[in-house]
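J.: Here is how the chains run, residue by residue.
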Amino acid sequence: MRNTFSFIALVAAVVMVLLMPAAALGSPYVEITTTVDAQLISITTDLTSWDFGVVGAGSGASSNYITVTNNGTVPVSVTVRGYNATSTGKPDWTLIGQGGTFGADTYQMRFRDVTANAILYLSTEHQSWPTNPTIPAAGMRSFELAVSLGQPSAYGTYTAPVFLAAFGQ
Amino acid sequence: MTMWFPRAVLVLAVAALAIAWSPERAQATLGVGVTNRSISINEELRPGDSCKLPEIGVANTGDEKAAYDLTFVNVPDPGRLDADPAWFIAEPSTVIVEPGRIKYATVSLEVPTDAKPGRYLGVVQVSAINQVPGGNPIVLAAGTKIFFTVAGTARTPAQVSGSPQAPAKDSGRPSTFLAVAGAVLGLLLLAILVIISKNLRLSISWGKHED
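Each protein sequence line maps, in turn, to chains A and B.
151 is the number that our numbering gives the last residue of the first sequence; the numbers go up by one with no jumps.
220 is the number that our numbering gives the last residue of the second sequence; the numbers go up by one with no jumps.
Each hint should be verified, as a subset may be incorrect.
Every beta carbon over 10 Å from chain A, so not counted as near; a handful from chain B, in silico [stated by the list, open to error]:
1) 52
2) 97
3) 112
4) 144
5) 146
6) 161
Where chain B lies over chain A, by a calculated footprint (3+ residues, C-beta under 8 Å) [as the list claims (entries may be wrong)]:
7) 12 to 20
8) 27 to 37
9) 51 to 61
10) 138 to 146
What follows is a list of derived Cβ distance ranges for each label pair [unchecked claim]:
11) A:86 with B:161: 20 to 30 Å
12) A:133 with B:107: 13 to 23 Å
13) A:107 with B:72: 24 to 34 Å
14) A:71 with B:163: 33 to 43 Å
15) B:125 with A:45: 26 to 36 Å
16) B:158 with A:42: 42 to 52 Å
17) B:85 with A:68: 41 to 51 Å
18) B:117 with A:100: 52 to 62 Å
19) B:117 with A:137: 25 to 35 Å
Derived from the structure by calculation, the hints contain no laboratory data.
Cβ coordinates follow ideal geometry from the N, Cα and C atoms, glycine included.
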């Protein structure tokens, strides 16, 4: 009985020796205070995907229209970016921005703010208008998406996401 | 000539054909939301500092269950430096949210030791991607801006150890003093127990004991 007690006491002491420094080390983070602007930033769209159907090489395509609704609590601005188009086993199509030169397997996407009639050419980085369209809370805004193609080196069905990002104003 | 002929035929043939840009068009509503417009860190951070930010809620404002990725991006701001996206960590980095619901993620910030002093802006970007097969996705994102300032010098050992010179905001930093004090106290307790056990004539054995 005594031995059991002494053994438990010894183990407890050893555990304390091991654990106390660890407890004292505490969090690896500095303590900070923050000011949080707790407002809901939220958008929805009436399209979850887009398509231009069959597009002739070296030509433009019929437009897709996207309505972006601000269902958050504060006005938001929208930025947009694109991606190179991909197709399984086919060469990528390179997205050329404003002023880009059309060549083989290149394409251009235009994103037009219908209200302001302002055009933005997508690139693979976030693009902003000189004055970003602001969508008020509970408001909505329409955009037109159009594409122009260069000459293809291969026939295929291509995928090219469009990225819309909303930030609070 | 024989090398050029097939290519010319190919170009003409392909030009006569067309490029198909995905036939699908979905009708569901895709939505994304974040519960904070911005988070500003009130204290100056130092190179080498790490901190945890308040939780960020990811809201599914669409009408279908969706997966959301938390990433970090730069949004140009003339008055601020771009915070390197690698300085931030989101946990979890992907959340799946039912329509009309919110899930929370924590974000931590680690300022590297070679960070330049200045006022910074980083953005937590929560993005939802449409999973409709065969379509060209519309990826939606909403962002929470994170404002913070990095001071010019890293913390000194004195500030790290919680000495009187350390500002109050350092209280969460690992304290060498506390660690040493804890170890000494633990050893003291161990010594007391050994002394008590000897005074009580207790014996300690690891093997089989015979009375």
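J.: Closer than 8 Å, Cβ to Cβ, for at least three residues: run that test on the region 27 to 37 of chain A against chain B and report holds or violated.
T.: Per the Cβ count (11), the hint holds.
J.: Just double-check residue 161 (chain B) for me: nearest Cβ-Cβ distance to chain A has to come out over 10 Å.
T.: Non-interface label stands for residue 161 (chain B): nearest chain A Cβ at 16 Å, farther than 10 Å.
J.: State, for the Cβ atoms of residue 71 (chain A) and residue 163 (chain B), whether the hinted interval 33 to 43 Å holds or is violated.
T.: 51 Å, violated
J.: Would you check chain B against the region 51 to 61 of chain A, counting CB to CB pairs closer than 8 Å, and say if three or more residues qualify?
T.: holds (count 5)
J.: Holds or violated: the 41 to 51 Å window for the beta-carbon distance between residue 85 (chain B) and residue 68 (chain A)?
T.: 28 Å, violated
J.: Using the C-beta atoms of residue 117 (chain B) and residue 137 (chain A), is the stated range 25 to 35 Å upheld?
T.: 48 Å, violated
J.: The hint says 20 to 30 Å between residue 86 (chain A) and residue 161 (chain B); measuring C-beta to C-beta, is that right?
T.: 51 Å, violated
J.: Mind checking the hinted window 24 to 34 Å against the Cβ distance between residue 107 (chain A) and residue 72 (chain B)?
T.: 31 Å, holds
J.: Hint says 13 to 23 Å; check whether the CB-CB distance for residue 133 (chain A) and residue 107 (chain B) agrees.
T.: 46 Å, violated
J.: Do three or more residues from the region 12 to 20 of chain A put their C-beta atoms closer than 8 Å to C-beta atoms of chain B?
T.: holds (count 9)
J.: Please settle this one: residue 97 (chain B) was flagged as non-interface, so is its CB more than 10 Å from every CB on chain A?
T.: 13 Å, holds
J.: For the pair residue 125 (chain B) and residue 45 (chain A), does the Cβ-Cβ distance stay inside 26 to 36 Å?
T.: 45 Å, violated
Going through the hint list in order, the structure does not satisfy hints 1, 4, 5, 11, 12, 14, 15, 17, 18 and 19.
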